[in-house]
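Participant: What follows is the residue order along each chain.
2 protein chains.
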Amino acid sequence: MAAQREPKIGRRPGNQDTRGQIITAARHAFAAKGFAGASMRAIAAEAGVDAALIHHYFENKQQLFLATIALPLGLPRMLETVAAGDRSGLGERLVRTVLGVWDSELQPSLVAAVRTALTDPGLTRSVGEFLTLEVIGHALPHDDLSAEEADRRAGLVASQILGLVIGRYVLRLPVLANRQTDDLIAEVGPTVQRYVDGRT
Amino acid sequence: MAAQREPKIGRRPGNQDTRGQIITAARHAFAAKGFAGASMRAIAAEAGVDAALIHHYFENKQQLFLATIALPLGLPRMLETVAAGDRSGLGERLVRTVLGVWDSELQPSLVAAVRTALTDPGLTRSVGEFLTLEVIGHALPHDDLSAEEADRRAGLVASQILGLVIGRYVLRLPVLANRQTDDLIAEVGPTVQRYVDGRT
Chain E
492 MAAQREPKIG RRPGNQDTRG QIITAARHAF AAKGFAGASM RAIAAEAGVD
542 AALIHHYFEN KQQLFLATIA LPLGLPRMLE TVAAGDRSGL GERLVRTVLG
592 VWDSELQPSL VAAVRTALTD PGLTRSVGEF LTLEVIGHAL PHDDLSAEEA
642 DRRAGLVASQ ILGLVIGRYV LRLPVLANRQ TDDLIAEVGP TVQRYVDGRT
Chain H
492 MAAQREPKIG RRPGNQDTRG QIITAARHAF AAKGFAGASM RAIAAEAGVD
542 AALIHHYFEN KQQLFLATIA LPLGLPRMLE TVAAGDRSGL GERLVRTVLG
592 VWDSELQPSL VAAVRTALTD PGLTRSVGEF LTLEVIGHAL PHDDLSAEEA
642 DRRAGLVASQ ILGLVIGRYV LRLPVLANRQ TDDLIAEVGP TVQRYVDGRT
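Sequence lines, in order, name chains E and H. Residues 492 to 691 (our numbering) make up the first sequence, in order. Residues 492 to 691 (our numbering) make up the second sequence, in order.
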């Protein structure tokens with residue numbers, strides 16, 4: 492593991508260059524080692540800053556990763572809200588939340604994030620690990636399911652949500668891009684609900 | 492669909508440089524004008540060859556586009572077979588066919604094709620148009636549906652298939668990549684069938 496450098500004199504907390512340097516270093520680290528393998532300490536070393544300074548900008552590795560691919564930092568909390576409501580409405584809430592984020596002013600940076608993530612094989616792995624560990628893990632209830640069954644349901648949910656988002660916002664297929672959000676929620680929500688419930 | 496034409500006398504069928512030149516020109520044209528907007532004539536002009544020579548290598552624009560993004564030239568025919576069988580098994584057949592193609596030795600070039608397609612905004616548009624006009628159009632029965640209803644169903648089918656493929660083979664989410672093909676067919680097939688039938 493690389494030696495930890497001393498923070499350089501004169502850096503200020505609000506310094507956009509420092510934040511940018513950390514994000515650049517994080518992008519390299521996630522690309523090289525995946526989301527699970529990249530450590531905050533190694534990212535600090537590559538950015539040439541003290542590890543404590545990273546925590547000044549980013550609460551944890553999840554937040555740093557979200558910033559790296561320009562995703563909203565509040566996403567994990569939103570997904571917890573999805574999971575917290577009644578179980579029978581989870582599919583619809585999840586689709587509504589995801590489409591709401593993508594229909595917002597974040598859309599251009601989300602599209603850019605998907606392009607970046609899918610272009611770089613190393614970053615692709617990080618995105619895959621992040622989606623599996625953090626996003627799906629936060630959004631779905633686990634109850635007393637076996638890990639295998641929880642994974643099975645999570646994979647099916649991911650397959651539907653990913654395709655909806657990539658088809659509508661990244662590929663911009665007219666048959667998805669031209670649809671009303673509420674109609675898509677009504678049509679795709681039941682599929683996600685079935686997957687969440689373990690039905691086919 | 493007509494069989495690929497026989498090579499003409501005197502031309503060297505195996506000339507990879509000419510074929511490669513045409514594909515490079517086609518990639519530029521599709522990126523600049525989309526799948527619908529790029530003409531075979533303009534592609535020939537950019538490649539510096541006679542338009543007839545393109546038809547020596549590629550039966551039509553669809554085949555040229557498939558070659559451009561390294562997709563199997565037989566894909567449209569396979570999808571016609573999907574559509575030709577009994578209606579009640581269409582969802583499962585479509586998922587089985589798509590996963591079969593992706594589980595084949597074509598997988599690395601398909602992954603590369605998706606990365607390429609999603610990276611270049613111009614090519615992304617071509618892929619979107621191609622998927623909508625050619626792939627979905629070939630795979631789904633139209634019956635006496637209104638164009639709007641056919642599009643609605645096609646969009647939902649595309650959302651599920653795209654996400655399954657990108658999650659399993661491109662992002663390689665463990666929750667999808669580690670699953671058995673037959674299990675995924677049994678689980679995702681009914682969703683696709685519901686969408687094909689216009690149910691939610």
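Read the hints as simulated data drawn from the structure, not as lab findings. Quantities reported herein were computed from a predicted structural model and do not represent experimental measurements. Don't take each hint at face value.
[To be verified] The list that follows gives simulated cross-link-like pairs (lysine to any residue, SDA-like), each with its CA atoms no further than 20 Å apart:
| hint | chain 1 | residue 1 | chain 2 | residue 2 |
| --- | --- | --- | --- | --- |
| 1 | H | 524 | H | 554 |
| 2 | H | 524 | H | 663 |
| 3 | H | 524 | H | 542 |
| 4 | H | 524 | E | 524 |
| 5 | E | 524 | E | 665 |
| 6 | E | 552 | E | 578 |
| 7 | E | 524 | H | 665 |
| 8 | E | 552 | E | 587 |
| 9 | H | 524 | E | 536 |
| 10 | H | 524 | H | 665 |
| 11 | E | 552 | E | 515 |
| 12 | E | 524 | H | 663 |
Participant: Would you mind marking each hint as holding or not holding in the structure?
Facilitator: Structure-based check of each hint:
Between residue 524 (chain H) and residue 554 (chain H), the direct Cα distance comes to roughly 17 Å. Compliance with the 20 Å bound is thereby established for this hinted pair. Restraint check for residue 524 (chain H) and residue 663 (chain H): not satisfied, since their Cα atoms lie roughly 31 Å apart, outside the 20 Å limit. The straight-line distance between the Cα atoms of residue 524 (chain H) and residue 542 (chain H) is roughly 18 Å, inside the 20 Å bound, and the hint therefore holds. A C-alpha spacing of about 38 Å is found between residue 524 (chain H) and residue 524 (chain E), which places the hinted pair above 20 Å, so the restraint is violated.
Of the supplied pair hints, the one linking residue 524 (chain E) and residue 665 (chain E) is violated, its CA atoms being roughly 37 Å apart against a limit of 20 Å. Simply put, residue 552 (chain E) and residue 578 (chain E) have alpha-carbon atoms about 29 Å apart, too far for the 20 Å limit, and the pair is violated. Taking the CA atoms of residue 524 (chain E) and residue 665 (chain H), the gap is near 16 Å; set against the 20 Å cutoff, the hint holds. A hinted pair counts as satisfied when its Cα atoms are at most 20 Å apart, and residue 552 (chain E) with residue 587 (chain E) does not qualify at roughly 26 Å.
The hinted pair formed by residue 524 (chain H) and residue 536 (chain E) fails the criterion: a straight-line CA distance of about 45 Å is larger than 20 Å. Under the criterion of a C-alpha separation no larger than 20 Å, the hint pairing residue 524 (chain H) with residue 665 (chain H) is inconsistent with the structure, at around 37 Å. About 14 Å separates the Cα atoms of residue 552 (chain E) and residue 515 (chain E), which keeps this hinted pair within 20 Å; it holds. Taken as a hint, the residue 524 (chain E) and residue 663 (chain H) pair is honoured in the structure, with Cα atoms around 15 Å apart against an allowance of 20 Å.
Checked against the numbered hints above, the structure violates hints 2, 4, 5, 6, 8, 9, 10; every other hint is satisfied.
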